[in-house]
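Following the hints, put chain B in place on chain A, whose structure we already have.
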Amino acid sequence: MVIRLFQIIKRSEITTLKKTINMLIAIFLALVTVAIFLAILGYNPLSVYASMLDGAFGSNYRIKQTIVNTIPLVITSLGILIAFKMKFWNIGAEGQILIGGFCGGYFAYNFAYWPKPILLLVMLIAGFIGGGLWGLLAGYLKTRWHASEAITTLMMNYIALKWIVYLQFGPWKDPNAFGYPTMSRFAENAIFPKLFGVHIGWIIALVLVVAVHIFMTRTKKGFEIAVIGESENTGRYAGINIKRTMLLAIFLSGALCGLSGIIQASAVNNILSSTLANGLGYTAIITTWLAHLNAPLTLVVCFLFAVLTQGGSFIQTAMGIPSSVATVLQAMILFFVLGSELFNNYKIVRKNKQQKEVK
Amino acid sequence: MDWWIGFLSAAVVAGTPLLFASLGGILSERVGNQNLGIEGMMLMGAVSGFIVAVKTSSPILAMLAAALAGLAGAFIYGVLAITFRTNQVVSGLTLTMFGTGLASFLGKPYVSMMTPQAIKSFFASRPIPILGDIPFIGPIFFKQDIFIYFGYALVIVLGFYIYKTRQGLNMRAVGQNPAAADAASINVTLYKYVHVLLGGALCGLGGAYLSLVYVPSWQENITAGLGWIAVALIIFATWNPYKAVFGSYLFGGLTILGFRLQGAGIHINQYLVDMTPYVVTILVLILVSQGHSVKNAPPKSLGLPYFREER
Chain A
-2 MVIRLFQIIK RSEITTLKKT INMLIAIFLA LVTVAIFLAI LGYNPLSVYA SMLDGAFGSN
58 YRIKQTIVNT IPLVITSLGI LIAFKMKFWN IGAEGQILIG GFCGGYFAYN FAYWPKPILL
118 LVMLIAGFIG GGLWGLLAGY LKTRWHASEA ITTLMMNYIA LKWIVYLQFG PWKDPNAFGY
178 PTMSRFAENA IFPKLFGVHI GWIIALVLVV AVHIFMTRTK KGFEIAVIGE SENTGRYAGI
238 NIKRTMLLAI FLSGALCGLS GIIQASAVNN ILSSTLANGL GYTAIITTWL AHLNAPLTLV
298 VCFLFAVLTQ GGSFIQTAMG IPSSVATVLQ AMILFFVLGS ELFNNYKIVR KNKQQKEVK
Chain B
996 MDWWIGFLSA AVVAGTPLLF ASLGGILSER VGNQNLGIEG MMLMGAVSGF IVAVKTSSPI
1056 LAMLAAALAG LAGAFIYGVL AITFRTNQVV SGLTLTMFGT GLASFLGKPY VSMMTPQAIK
1116 SFFASRPIPI LGDIPFIGPI FFKQDIFIYF GYALVIVLGF YIYKTRQGLN MRAVGQNPAA
1176 ADAASINVTL YKYVHVLLGG ALCGLGGAYL SLVYVPSWQE NITAGLGWIA VALIIFATWN
1236 PYKAVFGSYL FGGLTILGFR LQGAGIHINQ YLVDMTPYVV TILVLILVSQ GHSVKNAPPK
1296 SLGLPYFREE R
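Taken in order, these protein sequences are the chains called A and B. Numbering of the first sequence is given in this note's numbering, commencing with residue -2 and proceeding in unit increments. Numbering of the second sequence is given in this note's numbering, commencing with residue 996 and proceeding in unit increments.
Chain A with its partners taken away, still in its complex shape:
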């Protein structure tokens, strides 16, 4: 077999520059692959890409939309980053977003008469704590009973989703919606204000990028989280309280996702609904991974993904091409980047003759 002639061996650390080049090559190859696919289906790939860019940057309004798309992705990615740094595979952002929206929404619906700043602050805190506790539950199952978090968080996504659907069709249904299963819109008091034309989530997102970056790279707790991720035993020898650190990290992870949920519900949708998360939690996992679990890079990658999403929905209306092209493109980029990572850690060499004879 051909493959036997080659051997994959571990290589020493390569420079950041080389890593970046590898990633850019991967993204380029992904674009080429999707272009070929589009060409086969009879579209002109260049004009598709051009109009995606036009859709994302073509006007003031479109640029704002792109930024609005970036915000929840960034905040959610930051949450996932904290968990992934610890090798805790939090697939549950989707559910944590919904529960964050639910907890914040509880105050939005029931205490709309509170003064606006207080109400908004309470909503943020409720979303933060709600998402955090929802994540913490999976963390507890992991630390107490070793239940695989990838599965528990995944299951809890659906439990959260069914819960919101239940509310939407049942107790929280808007009685004035003519029987249509929807919750009522948030009161004006419960909607986050805008600054420079985009809701203030962008400030929260930027602050969080800095905060998470400092937390992960400059504080003792952040370092401990990374150590546990590398090796739990090392952490134990170093005297880290594994359980407590783990639970804290998981809480923070879920909390940021929850925060992104309530911000999205209030500022963008103005309503709580079962489509609040709508795949965001899964996309954020991909952006976090692409950003190599680095907070500032997250910002860049999320913006790129938001451009694709916004461009995708634009070509649907402009060219009649399904917006799912954007999803395919995003997945394709990750496929290639994942593949390219092999070349960061390993190199492929020809097996020399001697070794072959030994075999």
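Mixed in with the good hints, there may be bad ones.
[Stated by the list, open to error] Mimicking BS3-like on lysine-lysine, the simulated pairs with C-alpha atoms at most 25 Å apart in a straight line are:
no., chain 1, residue 1, chain 2, residue 2
1, A, Lys61, A, Lys191
2, A, Lys217, A, Lys240
3, B, Lys1295, A, Lys240
4, B, Lys1138, B, Lys1238
5, A, Lys84, B, Lys1295
6, A, Lys240, A, Lys84
These are computed hints drawn from the structure, not numbers from a lab.
This is chain B only, laid out in the frame that chain A set:
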């Protein structure tokens, strides 16, 4: 009694896509590869099967296309997770994203189109003589369509393969301890690829059951999260194809229970009933994670890439 027969036979129908997908997942996880791309592969299978069905009106070609589409999805995952040793969780999720996007894209022109008549009549209910006449059991299990009978056969074949053949033993060894299997001159990479790919084909068929038989028309996101229930089922079944049958029909039953109960005049909230598969899975996962029983434990190398140089 009639209500029960009606409900249970509907549960078998609702559970069939789950059965195929969870059997596929079991094959993959038995060689140590957790593939969270099940939902994506089901969608790829569903859309390919449907398009071929519309174009050719041939049920066999449609099923073949669905299996191949699932297999192609699993191949992408396999190259990444087996050869390139990438993180399995991320690779699987990306596959789901890819499959969802691709199915939605390719299926756009076919939305709400119906499955051709030739396909429908091929998959119409065909009672099995004698077996179909057994009271209670007969109408539930043996007055179904060919696809469902195919599922029964598959369970028996896979059960025999996994527990009674040399290859099945090797495959389990690869999942438990790839280094030891390698040392025993089992071709680990080959075993991983074969089972991951076959698993993908089964997931594709599971998706096709939805678009060809169950619905039977094309809808955007036709799986509606069934792929994730299949992921849950693998654990519920403790990686055992026989238990997967029971689990599939149970979970299938749960997905239609609320609606059926309302028909019977019992009012219970469908959305809360819908939660039960997920809650039950978490409970089962906790139980099997305790490690009291070797038989029910997950394959030991599940989720870990195998790299010979790092033994």
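Under the criterion that the straight-line Cα-Cα distance not exceed 25 Å, is the pair Lys217 (chain A), Lys240 (chain A) satisfied? holds, 16 Å
Straight-line Cα separation of Lys61 (chain A) and Lys191 (chain A) no greater than 25 Å? holds, 11 Å
Hint consistency between Lys1138 (chain B) and Lys1238 (chain B) [alpha-carbon to alpha-carbon, up to 25 Å]: Given that 25 Å is the threshold and the Cα spacing comes to 22 Å, the pair holds.
Below or equal to 25 Å on CA atoms is what counts here, so check Lys240 (chain A) against Lys84 (chain A). holds, 14 Å
Holds or violated: Lys1295 (chain B) and Lys240 (chain A), Cα atoms, limit 25 Å. This hinted pair holds, its Cα atoms lying about 23 Å apart.
Pair hint outcome, Lys84 (chain A) versus Lys1295 (chain B) [Cα-Cα no greater than 25 Å]: With Cα atoms ~18 Å apart, Lys84 (chain A) and Lys1295 (chain B) stay inside 25 Å; holds.
Of the numbered hints listed earlier, not one is contradicted by the structure.
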